[in-house]
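Use these hints to put chain A onto chain D, whose structure you have.
Chains as they are written, first to last, in the numbering used here: chain D, 6 to 486; chain A, 338 to 810.
Just so you know, these hints were derived from the structure itself, not from any lab. No false leads were mixed into what you were given.
Calculated cross-link-like contacts (lysine to aspartate or glutamate; reagent style DMTMM-like; alpha-carbon spacing at most 20 Å):
| no. | chain 1 | residue 1 | chain 2 | residue 2 |
| --- | --- | --- | --- | --- |
| 1 | A | Lys-663 | D | Asp-90 |
| 2 | A | Lys-699 | D | Asp-277 |
| 3 | D | Lys-135 | A | Glu-671 |
| 4 | D | Lys-349 | D | Glu-317 |
| 5 | A | Lys-736 | A | Glu-636 |
| 6 | A | Lys-627 | A | Asp-591 |
| 7 | A | Lys-699 | D | Asp-276 |
| 8 | A | Lys-627 | A | Glu-590 |
| 9 | D | Lys-469 | D | Glu-418 |
| 10 | D | Lys-347 | D | Glu-391 |
| 11 | D | Lys-482 | D | Glu-445 |
| 12 | D | Lys-135 | D | Asp-151 |
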Amino acid sequence: MKYEVVIGLEVHVELLTGCKLFCACPNRFVPEPNVNTCPVCLGFPGILPQMSREALQQALTAAVALNCKVALYSYFDRKNYFYPDMPKGYQISQYHIPLGSSGYLEIEDDRGVLKKVGIGRVHMEEDAGKLLHETAGASGGSSMVDYNRAGVPLIEIVSEPDLRSSLEARRYLEKLKSIMQYAGVSDCKMEEGSLRCDANVSLRNPGEEIFGIKTELKNMNSFRAVEKSLDHEIKRQAGILDSGEKVATQTLRWDEDRQETIVMRGKLEADDYRCFADPELAPIQLAETEVEKARHNLPEMAGERAKRFVEEYGLPEYDAGVLTASRCLADYFESCLEFFNKPKEVSNWVMGEFSAHLNNAGLEADQASFVPEDMAELLQMIDNQEISGKIAKEVLEKAFQGGKKPRRVVEEEGLLQISDQSELESIVDRIISENPDTVESYRGGKSKALGHLVGQVMKETRGKANPQLVNELLVKKIDSQ
Amino acid sequence: MELRKTTVHRVAEAVLEGEITAHQLIDKTLKNCSVLNEGLNIFNAVAGVDATEQARAIDEKIKQGGELPLAGIPITVKDDLCYGVLPTSFGSSAFSEFISPVTAAVVESLMEAGAVVIGKTNLDDMGQGSTTLTSPGGATANPWQAERTAGSAGAAAVATGICMLAVESDSGGALRQGASHCGVAGLRPTTGRVSRHGLNAHCSSFARVGITAFSCENISGVLDIISGFDERDAATAVCRKGIPEIIKTPGSEDITIGYPVTAFDFLQPELREVFEQARDDFAGLGYKIKNIDLGLLREGLQAYYIIALAEASSNHARFDGIRFGKTGEADNLENMYFQSRAEILGKEARRRSIFGTFLLSKGNYGRYYRQALKIWELIRQEFAGVLKECDLLMLPTAKNLPRQLKGEVSFLDEWSDDFFCAPVSLSGMPALTIPAGQVNRIPVGMQLVGPPFSEKTLLAVGSTSGPRDTGTL
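Chain D extracted, bound-state conformation:
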């Protein structure tokens, strides 16, 4: 690539508040349209908005988590435009003074070196409604509006044009998601729309100061789509520049099916939103102490948590890194410890079997019906030598999929480990008498032969025998013969 890539990302994150930004309607997804609405979020004439303190608190937390300077005085502006997704004819947003500015987050660049990516602004705004277009019939199509989402609190996080590749863009998003999740302000599920991303991309010759002409990319529904559409767009722009042409200022839409970008609109249609301070809302005033408190109360982030996992639980750094990559998984791990306090064993099972099942099912740790109590119950049974590790894997799978308690799975399937000596003795005697050659070679000093005999007993008991006990019994019997 002979050009330098310049990428800036604009990310919208839905906050996890109980209510909408300016009214008491629940901030919750429901499939039925226009249920979570009221005169405020429907923009009825004469009804005034009231800012949610909870939303402000979360936005403040997000701003300090992204190392931003916080404006002690800011206010909401109106972004005016005619479109049916906003019942008022304008969106309430922060335009002139954002709540947070001059922040950054850290990612590894293409060569694995830590680099700071600047965050220009973090501001609060309300979400718009959703339009549903029916395709035209004979009488022409119709469009329907669902205002459930109208007024849901968002924060918009605008990065500086500091990203130099699509991979960096992806890492930035992953890091941002982790920070927002750890800060407890958003679940950042891109597939569900609680994290949305637009990208600005341009190319320039290395060493050049001035940015090239940029295009804006929209409609990317996953981190993978962001990476792919950026790659596609970088290639497209490079082609244009190679041929000596100029890139046109455009807004492009990523088409997932066709795996290409499609022009939405050109520069001539650029909007003038006529932003001005919303006269119906009081300015947002914060005391220095409130900002300090927010910084002080900032929840532990992934890095700190990993460090703590190493120090507090004695986990290897690798385990700590894997577990804390997602806040959900780390929370799950720590919840398990409350019921079963053997960190390394819990770690092995959470990172291994449990995570594998999560990935297969496409779930996050908090969505699994196999809750931390279940994991603890399972591990306790291994610890009590009621089941073997091998059986435990089987139990976990069944419990994970069927939503049953592990102990119930064990009971129903008769998987309890046989630790009863008398029950095992007869099987051990039989195996010894059926395998005289193996017994001989054991006596001859081949220790491997004993393993074979243990395997035979385990096979006979369908894995339920307590392997340690079987081992002891075999040695005792052979030696005494």
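Chain A only, in chain D's frame:
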């Protein structure tokens, strides 16, 4: 019972003591109403059966020992204030059947105290104006001289004795000029004193809900009822821990009235004489008169209009035929907006939206809107400074006599009628208008403007000046 010649307190007492039932009172009022409405065009909707039912319910409450300080008092509500029982038109023919899901906070409070809403009163196109001349249903005639405008239909209703209190809105001076033109009293309260919940403001920065009544005493009787913190209006947060009243009592305390000498130079000589007389009368009553300087009135008027037009273009954007108003028939979205908005907004509202859009657009924001915000701040400082030198100041209310109903007048001339009211709106200070005198048998009002939350002082001073309308309707 002649409502014009008595007080709210006296009428409520009569109802509470059974001299007259609320039902009888309202019945009589409604009859009166239909006769007078025909000539003056006061109402957009008359409550009729609803008012009668309300009155009956009040009689019932009184029987059960209910304490109702406004028992049976007939009130009117300007049609930009929501009232869940009658249609709220906002001043658009497209909303003549619109029933709001809410009732304005002030109306709620008054009704809880026993007042009965008898109707919704006429207003300018989308509530934008101080004349009613741009009303889609035609102007309201002045009860004193029917070929002129009343300025505000609520004031006309009070002046004719149809109601005792009119709930009004005031941005650039509609409430005050209406009261002035009809020879009655009107109060525009301090920012944040009275909840605006339920008011469809064309200009949120300056819109206030106030009361017009026949006397200052009648306004005093309801001020506490409508004042105070309301979580539905963020601006009332200043009253969260009680209302920070500034009360001075005329007679027992020295009160200085500021007289902005140069302001009166903008008036026709015959109007000017009225105010000079009023000033001398105040001096005669023992008030100290102090000449002061208000130099920014003209700039204040301009700043008011820039901000008001800008806000209107945004506040009225929701009237686009999607959620609100009839949906225009068209083959694409843009044409649908054209159709819908042409039907919903009248000529004046369209003009204001277009100007407002222009003023906020790229480049113009800095040239006009930001400048207007600076003037706004200067006006605030100027009024605050002046009110350190005196307890209150007097100003004309309207720049001109009420407009002729049939005369041709340019919109700029009409806007300049707000010359003395709009700057006061920018100051955020409370303003009381009371009758100052007459010119050719047409009432002329003056404003008393005081520091924030000095309404009780203004009303006390206003009532000492006595009923100045010597003539009769």
